[in-house]
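S.K.: Here are the chains, one letter per residue:
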Amino acid sequence: MSPLPVRVRVAWWSAIATGTALLAFAAGTLANLVHEQIEEVDLKLVGAARRLNAADAGEREGEVSHEARELEYEPWLAAAVFAADGRLLVDSSRVPESIARAAQGHTRPTTLHAHEGDWRVLSVSENDQTVVLAFDLEEVNDIVADLLTGYLIALPIAAGIAALGGWIVAGRALHPVRLATEAAAGITPSRLDQRLPVPPVRDEIADLARVINSMLERMERSFRQAERFAADASHEIRTPLTIIKGEVEAALRTADLASPIQTHLLSVQEEIARLQRVTEQLLLLARLDAGAAQLRREPVDLARLVRGACEDVELVASQQAIAVDASAVDEAEVLGDEEQLRRVVLNLLDNACKFNERGGRIVCTLRCARDTVDLRVANTGAGIPAELHPHLFQRFFRANAARSRGGHGLGLSLSREIVQAHGGSLELMEPGGSGLTEFRVVLPAKAG
Amino acid sequence: MVVLVVDDEKKVAGLVRSGLEEQGWTVEVAHDGNDALTLAGSRHFDALVLDIMLPGRDGLSVLRRLREEKNTVPVVLLTARGDVRERVEGLELGADDYLPKPFSMLELVARLKAVWRRRTGDGLNVLSYADLVVNLHTRAVRRGDRAIELTAREFSLLECLLRTPGRVVTRTQLYESVWGYNFDPETNIVDVAIQRLRRKIDDDSGPRLIQTVRGVGYALQTEGR
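The listed protein sequences derive, respectively, from chains W and V.
Using this note's numbering, you'd call the opening residue of the first sequence number 3 and step up by one each time.
Using this note's numbering, you'd call the opening residue of the second sequence number 664 and step up by one each time.
Just so you know, these hints were derived from the structure itself, not from any lab.
These figures come from a predicted structure and were not determined experimentally.
Heads up, some of the hints might be wrong.
[Unchecked claim] Derived CB-CB ranges, DEER-like: (1) W:293 to V:854: 35 to 43 angstroms; (2) W:249 to V:809: 49 to 57 angstroms; (3) V:805 to W:188: 54 to 62 angstroms.
[Unchecked claim] From the structure, some residues in chain V lie toward chain W, with a derived Cβ separation under 10 angstroms: (4) 664; (5) 687; (6) 690; (7) 691; (8) 694; (9) 697; (10) 743; (11) 778; (12) 809; (13) 811; (14) 815; (15) 836; (16) 861.
Quick reminder that beta carbons are idealized off the backbone N, C-alpha and C, glycines included.
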């Protein structure tokens, strides 16, 4: 039953419970009714037997037979008299002879079944004669059958009503849960101050709402902290960077050409650029983590962006005699942040160049399906060993090869975060027959 | 040109001042928003370099106030990189351009010149050196009678060199202003791009203009200085 919704289960169990209770009640009342009716019949049979005894006390010949006839004024009651040798002295038109014969010897009221019907019989011996009293149970059976039919009709109706009631009650009971669900669905990183409504009564649902609310509060606090950290860190790091950068530029302007000081300053300038790049990426990651990155949502001509990035990377690739193939770049538009998407594409192409071999290839394809855009960047080269695959998107993860070729291991994890913030996915494809290492980015296409 | 620089970090303000003074410009410095408003109201400036994060009255509020007072002085905002909200708000309030921190003086000078050009009309859209003429607006490049086709990156590189003719621009500076931070700075992308640019600009056209300063960078200069 577990896969069914709560409302259906409640309705189902209400019906079962009500049905079972009604069934027990019906069985009880029916048994009681049968018992009472039979008791009444038995009273009549015993009463009739007493009258016969009284007649017998008069010791008048033929009195018993006469009295037996008298008894038949009572509807449903029949009497037959047998002689000691088994002859039928007094016949009754009401009771079949077979029943009357079978009834002899039953000195306590007993029910006999035959295809002529059910009879309650009692036999009384008087001198040499045996009087058989029989009561037709047809009427009793009819009453019981009517009641049974009534019950059989009422039971499914009652179970149905119970199911409906259960459904409605469960719906009303679950209403606060549904409200809470709706409220919870509306809580996004940008609306973290929202809380679930707590019902004014002290019940299980109010408790649940309270517990979830306090959890939300803790979450909001840590989100805000992360957000503030990113903002503070960015200011605190940028200001000194700006100063260092300016100082180095100013010093470079006055340094003598090709002097040792100039060489040192150039090296510092390079490192500042690198530090700046890492800082920007870390801060962007922190903001993405905190859900606080403000990504634009503007139409981006992805094809143009990809072609431009291919041109850039071709400059680097040409040094290694690596060919960049961007012939299969179709037109595609997405909604997003152009600057961040360019970061993703350049990162993938840059990697494809770094982990390539001399004289190798980079193949970049962009395809537009109905509602998704599929970008693939594939490269020749040694490929990525399978045991490294699970770590590829971890921060600061660098393959050994990458250590010797620069890079700081943030590129892929940042790219994935950016793509996910755009509602897309970034993954490494299983190596196919081509032997190329291939990364795939899927983004939702711009509608319309 | 008279420029007002507003930044609460005294060292940043000092650097900007000396960088702009090297251009032969006159520079005034204010360290908070209210001082900036007083100064801007008291005399004429050709441009304002305005930091957004200021104590007291912040940069955006200074800008709003200036525009309310119908002061149309060109403004370049210094923003935090990646803060889209600040940038958009600044431009909506009437800033002419923005520059994310940390920035290079080369970049700031270029932005100020561009803003100034836009204000004063088309004349300054054309930069030239020797027989090389570059129209920044139409992106047309000519060397003597010869029209030259450049890619977007090559054009940016050339523009970067043309801003400070005769002066060495380091490799890192070129990398930053042309490629931003998207590339691994350790690749030799700048050298390759310069080689290609040189092939288009300098091959079979008189004296070489793009000089390599070994180990440092490049300069736009006629040979044999």
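S.K.: Please write out, lowest number first, the hints stated earlier that are contradicted by the structure.
M.R.: Those not satisfied are hints 2, 4, 5, 6, 7, 8, 9, 11, 12, 13 and 16.
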